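Asks: Make a model of the complete structure from these sequences and hints.
Chains X and W, in that order, give the protein sequences.
Using the numbering used here, read the first sequence as starting at 10 and increasing by one per residue.
Using the numbering used here, read the second sequence as starting at 584 and increasing by one per residue.
These are computed hints drawn from the structure, not numbers from a lab.
Values in this document were obtained by computation on a predicted structure and should not be read as measured data.
Don't take every hint at face value.
Examples of chain W residues lying across from chain X (beta carbon under 7 Å, computed) [to be verified]:
(1) 596
(2) 597
(3) 608
(4) 1067
(5) 1068
No residue lacks a Cβ here, since even glycine has one placed at the ideal position from N, Cα and C.
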Amino acid sequence: MTKKQLKNLALQSYTKDLLDQKKVESVARLLTRFQLKQYIRELRNSESQKTINIVLPHLPAKTDQQMLSRLFAGKRIIYHVDKTLLLGIKIIDNDQVYDLNLKDTLDNLFTFVSSGYD
Amino acid sequence: MIDSQKIIEQLENRLMSFGVDKKTQNMGVVEKITDGVVIASGLSKCFMGEIVAFGNGNYGTVLNLDEDTVSIILLGKEGKLKEGDGIKRTGKLLSIDVADTILGRVIDPLGSPLDARPKIKGARAMPLERIAAGVVEREPVNTPLKTGLKAIDAIIPIGRGQRELIIGDRGLGKTAIAIDTIINQRVSNDVICVYVAIGQKQSTIAQIIDRLKEEQALPYTVVVVASSSDPASLQYLAPYAGCAIAEYFMEKGKDALVIYDDLTKHAWAYRQLSLVLRRPAGREAYPGDIFYLHSRLLERAVKLNKKHKGGSITALPIIETQANDISAYIPTNVISITDGQIYLEPDLFYSGIRPAVNVGRSVSRVGGAAQTSAIKSVSGKLRLELAQYRELAVFAQFGSELDATTMALLERGKRTTEILKQLQYQPLKESLQILSIWSVTNGFLDDIPVESTQRFEKEYHEFVSSRNPKLLETLETGEKPSEPTVTQMEKITREFKKIFSF
Chain X
10 MTKKQLKNLA LQSYTKDLLD QKKVESVARL LTRFQLKQYI RELRNSESQK TINIVLPHLP
70 AKTDQQMLSR LFAGKRIIYH VDKTLLLGIK IIDNDQVYDL NLKDTLDNLF TFVSSGYD
Chain W
584 MIDSQKIIEQ LENRLMSFGV DKKTQNMGVV EKITDGVVIA SGLSKCFMGE IVAFGNGNYG
644 TVLNLDEDTV SIILLGKEGK LKEGDGIKRT GKLLSIDVAD TILGRVIDPL GSPLDARPKI
704 KGARAMPLER IAAGVVEREP VNTPLKTGLK AIDAIIPIGR GQRELIIGDR GLGKTAIAID
764 TIINQRVSND VICVYVAIGQ KQSTIAQIID RLKEEQALPY TVVVVASSSD PASLQYLAPY
824 AGCAIAEYFM EKGKDALVIY DDLTKHAWAY RQLSLVLRRP AGREAYPGDI FYLHSRLLER
884 AVKLNKKHKG GSITALPIIE TQANDISAYI PTNVISITDG QIYLEPDLFY SGIRPAVNVG
944 RSVSRVGGAA QTSAIKSVSG KLRLELAQYR ELAVFAQFGS ELDATTMALL ERGKRTTEIL
1004 KQLQYQPLKE SLQILSIWSV TNGFLDDIPV ESTQRFEKEY HEFVSSRNPK LLETLETGEK
1064 PSEPTVTQME KITREFKKIF SF
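Replies: Next comes the structure, spelled out in structure tokens:
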């Protein structure tokens, strides 16, 4: 089975935009070990493309959650709490990361200043 | 005692330039690490050749863009890199920081100092990969680059802006020719030298650096080191780093000399990277673009016209052959790229002819355009006599009876061959080279025993330097010797011969 076929198989394992456990199990039984690894990797990639991870220093209010859902329509949003962010928000959309928080700014400042000295 | 006020001022100045927008980042994740190559997922917006930063502080450069993954070569050791580690884009292509203070330094291909001195400050970032100057920006090679070696300056002259390959088996003196060339630039002091050590032993590199220091050649030289213990990625980048440094000086209107020692190991390093990147293997397992690897490097050796400040880069690539085979894949590739080759032969080396240059099979495609009139006037006869000697030497081996003319040619040839020998680390000024070659081609050594030729030459040089230094100054101007100059040369040579004992 080629890589492309396994990728299609992973895309077909969804029902109404959600991963179908029965389909996944039936497919997994038919694959070799190596193919199964590839299939899992494709499922993981597919999941990460359908999911947005939002990191905040505190849980957002309902109005904020609604606004974010409208902003990322069609994707599943998972909220994480990380108090070390201090202020702001961090949005992880597959491989694109939007760092709009105070912690990141301070880290960048530190790296910038220290890189100028031996 | 460092003034705290000064520290605060420095920090404030530094912070004024802070403002890099790092709000959005395209991240990747390490999937696999094999032999210095990282396969990563994500990084969907990175471009070819981009530098990426790993979580452990290491850097890499993107060399393959596949549908779902990206292949990155590590610029350094693997360290504590593991599967799942994050990778960030930097948005920059590979470059090296160069400033005037880089002269005399020993650095790695990324610009990090290896000589226990501070980093290069106030530098300009020179890209490692760059398109060579176009046809319109160039002018023909017309200025000699003197190596200080008689066999090369007289018969296979090198010009500034030329690519001249030094090719031969191991241990025949390829690096020695390169080092002598660097040492000889001490005389004119207008050529910046860059020595790129690729895949060599660190002990050998240390010896070379020590020798350059001893001969006071290091102040105008930069040494770029990617030794055999460095990753293949650094060995692959080293020649491009050396060329980028030379381009910095060339753009200021200066002449630069780059020595790539050696491109065989460079090809091996690239082969290793390509095989790990799963690129299709071609002849001798080299990748399909092995020719382009060297052609794009050597094309950057150029002589710019006056409109572009008139600087130049001369390249002396070195190729190591196996069992004298210059028809192998990499040697033939590089021979077809360069403007000539200096071919070193083991038979000559072991028979005591050093530098072991086979003048019959060596060539400089620039030729007389890279010679001064002075040396051109004596080298024509030298070339002819050597060619005749080579043809006749075969007959002499059979022990057959030869006529007087042939015997005379053979004897002259032996003395010519002897005069072209030269000790290592003793490059000669052009005036002394002219004297040596002129004296042998005009028969002044015909009555000197062959075994005394070298002693004759040494004492002859000392004699002329002390008795008539103005003659040397006249020869040093590069003008073809006039009748009065030739008369002076004849007179002083006869004077010396009277006192020379053998």
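Asks: A separate judgement is required for each hint: does it hold in the structure or not?
Replies: We went through each hint and held it up to the structure:
| no. | hint | result |
| --- | --- | --- |
| 1 | 596 | violated, 10 Å |
| 2 | 597 | holds, 5 Å |
| 3 | 608 | holds, 5 Å |
| 4 | 1067 | violated, 61 Å |
| 5 | 1068 | violated, 56 Å |
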